[in-house]
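Q: Now for the letters of each chain:
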Amino acid sequence: MEMEIATLAANADVQAARYIGAGLACTALIGAGVGIGVIFGNYVSAAIRNPSAAGPVFGQAMLGFALAEATGLFGLVIAFIILFV
Amino acid sequence: MAGPLEQFEVNTIVPLEVAGYDISITNSAVYMAITLLTIMFFMVGGMRKTALVPGRWQSSVEMCYEFIAKMLGDTAGPDGRKYFPFVFTLFMFILAANLIGMVPWVHAFTVTSHIAVTFAMAFFIFIGVTIIGFIKHGIGFLKFFVPGDAPVALLPLLVVIEVVSYLSRPISLSVRLFANMVAGHTMLKVFGGFVVSLAAAGGVLAVGSIVPFAFIVALTGLELLVACLQAYVFAVLTCIYLNDALHMH
Numbered sequence: 001m002e003m004e005i006a007t008l009a010a011n012a013d014v015q016a017a018r019y020i021g022a023g024l025a026c027t028a029l030i031g032a033g034v035g036i037g038v039i040f041g042n043y044v045s046a047a048i049r050n051p052s053a054a055g056p057v058f059g060q061a062m063l064g065f066a067l068a069e070a071t072g073l074f075g076l077v078i079a080f081i082i083l084f085v
Numbered sequence: 086m087a088g089p090l091e092q093f094e095v096n097t098i099v100p101l102e103v104a105g106y107d108i109s110i111t112n113s114a115v116y117m118a119i120t121l122l123t124i125m126f127f128m129v130g131g132m133r134k135t136a137l138v139p140g141r142w143q144s145s146v147e148m149c150y151e152f153i154a155k156m157l158g159d160t161a162g163p164d165g166r167k168y169f170p171f172v173f174t175l176f177m178f179i180l181a182a183n184l185i186g187m188v189p190w191v192h193a194f195t196v197t198s199h200i201a202v203t204f205a206m207a208f209f210i211f212i213g214v215t216i217i218g219f220i221k222h223g224i225g226f227l228k229f230f231v232p233g234d235a236p237v238a239l240l241p242l243l244v245v246i247e248v249v250s251y252l253s254r255p256i257s258l259s260v261r262l263f264a265n266m267v268a269g270h271t272m273l274k275v276f277g278g279f280v281v282s283l284a285a286a287g288g289v290l291a292v293g294s295i296v297p298f299a300f301i302v303a304l305t306g307l308e309l310l311v312a313c314l315q316a317y318v319f320a321v322l323t324c325i326y327l328n329d330a331l332h333m334h
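Taken in sequence, the protein lines are chains A and B.
Going by this note's numbering, 11 is the number at position 11 of the first sequence; the sequence numbering is gapless.
Going by this note's numbering, 239 is the number at position 154 of the second sequence; the sequence numbering is gapless.
Since the hints were derived computationally from the structure, they do not count as laboratory data.
Heads up, a few of these hints could be off.
Stated by the list, open to error - Over 10 Å on every C-beta distance to chain A, these chain B residues come out as not near it, computed from the model:
1) TYR106
2) PHE230
3) VAL249
4) ALA264
5) LYS274
6) LEU290
7) SER294
8) LEU304
What the hints assert, rightly or not - Derived coverage of chain B by chain A (criterion: at least 3 residues anywhere in the stretch with Cβ under 8 Å from a Cβ of chain A; other residues may be distant):
9) 236–248
10) 252–263
These numbers were taken from a predicted model, which means no experiment stands behind them.
Glycine is no exception: its CB is placed at the ideal position from the N, C-alpha and C atoms.
Please put together the full structure from these sequences, using the hints given.
A: As structure tokens, then:
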């Protein structure tokens with residue numbers, strides 16, 4: 001009887017630890033937000049200085065955005081792995 | 086009510102088994118077939134009556150062709166031209182798969198929201214690009230991991246770091262696409278749940294359900310952008326890796 005209660009309590013603790021871990025892993029998205037802001041801030045300020053050069057660089061700005069977002073989403077994937085695997 | 090992650094479940098529709106291997110027709114396979122048919126319809130239909138001055142459909146097909154041809158030419162140079170069919174197929178498949186997953190009413194399944202699908206693509210791209218590198222440069226391809234003008238004392242550490250970062254390419258390529266699709270669709274379903282909960286609560290809260298609904302509209306716009314962007318990023322990174330293999334650094 002005591003063993004069952006102990007395992008139930010341990011399982012509940014593990015589940016609680018899972019939720020805390022998932023929440024902590026999501027803090028990686030702070031970096032994603034900052035990175036995206038830096039890329040587009042630089043793109044916009046460069047576009048205001050030199051509007052005719054802004055067009056060809058737009059593709060690289062989009063590539064940079066996707067790469068910055070990707071690292072943040074790696075953290076989100078870890079959060080999902082913690083929660084559901 | 087279903088949770089937000091049930092949309093990613095793979096359900097078998099027609100169970101098939103060959104020699105102990107499960108090759109059932111699943112909803113993932115059906116949506117891949119739909120993706121293929123959509124692309125074929127778009128391409129073949131657009132090039133049916135080819136005119137020198139293209140109409141709308143032919144013009145959009147030619148725009149897709151030119152977009153990828155220009156991207157491949159810019160990143161991989163004239164050597165990369167012979168890999169154009171592969172890169173074009175890759176781009177169109179991922180683009181169509183992502184966009185078909187955004188269709189609202191029919192509970193569309195996003196093929197690329199499974200790490201199995203994206204990792205299969207990224208893994209074979211990685212293997213293919215490495216083999217191309219070894220075929221073109223022989224064993225000298227290993228010089229790719231030794232950055233030029235590096236102090237000799239640091240070389241052991243640098244080579245290890247370079248190899249690890251090279252091996253992380255398929256992982257980052259696949260997880261980028263997978264995580265973007267999963268995160269986007271999960272957000273949409275979570276806010277959809279909010280709309281339903283608020284509307285069911287009745288009274289003042291039912292009017293308040295317009296707020297998450299407006300957010301869903303904005304989020305769908307963002308997700309359409311992300312669908313196209315992730316297809317472009319996957320293709321452009323493939324071209325960059327190809328360029329690394331063909332012309333080292």
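Q: Each hint should be assessed against the structure and marked as holding or not.
A: Hint-by-hint comparison with the structure:
{"no.": "1", "hint": "TYR106", "verdict": "holds, 24 Å"}
{"no.": "2", "hint": "PHE230", "verdict": "holds, 21 Å"}
{"no.": "3", "hint": "VAL249", "verdict": "holds, 15 Å"}
{"no.": "4", "hint": "ALA264", "verdict": "violated, 4 Å"}
{"no.": "5", "hint": "LYS274", "verdict": "holds, 14 Å"}
{"no.": "6", "hint": "LEU290", "verdict": "holds, 27 Å"}
{"no.": "7", "hint": "SER294", "verdict": "holds, 26 Å"}
{"no.": "8", "hint": "LEU304", "verdict": "holds, 15 Å"}
{"no.": "9", "hint": "236–248", "verdict": "violated (count 0)"}
{"no.": "10", "hint": "252–263", "verdict": "holds (count 4)"}
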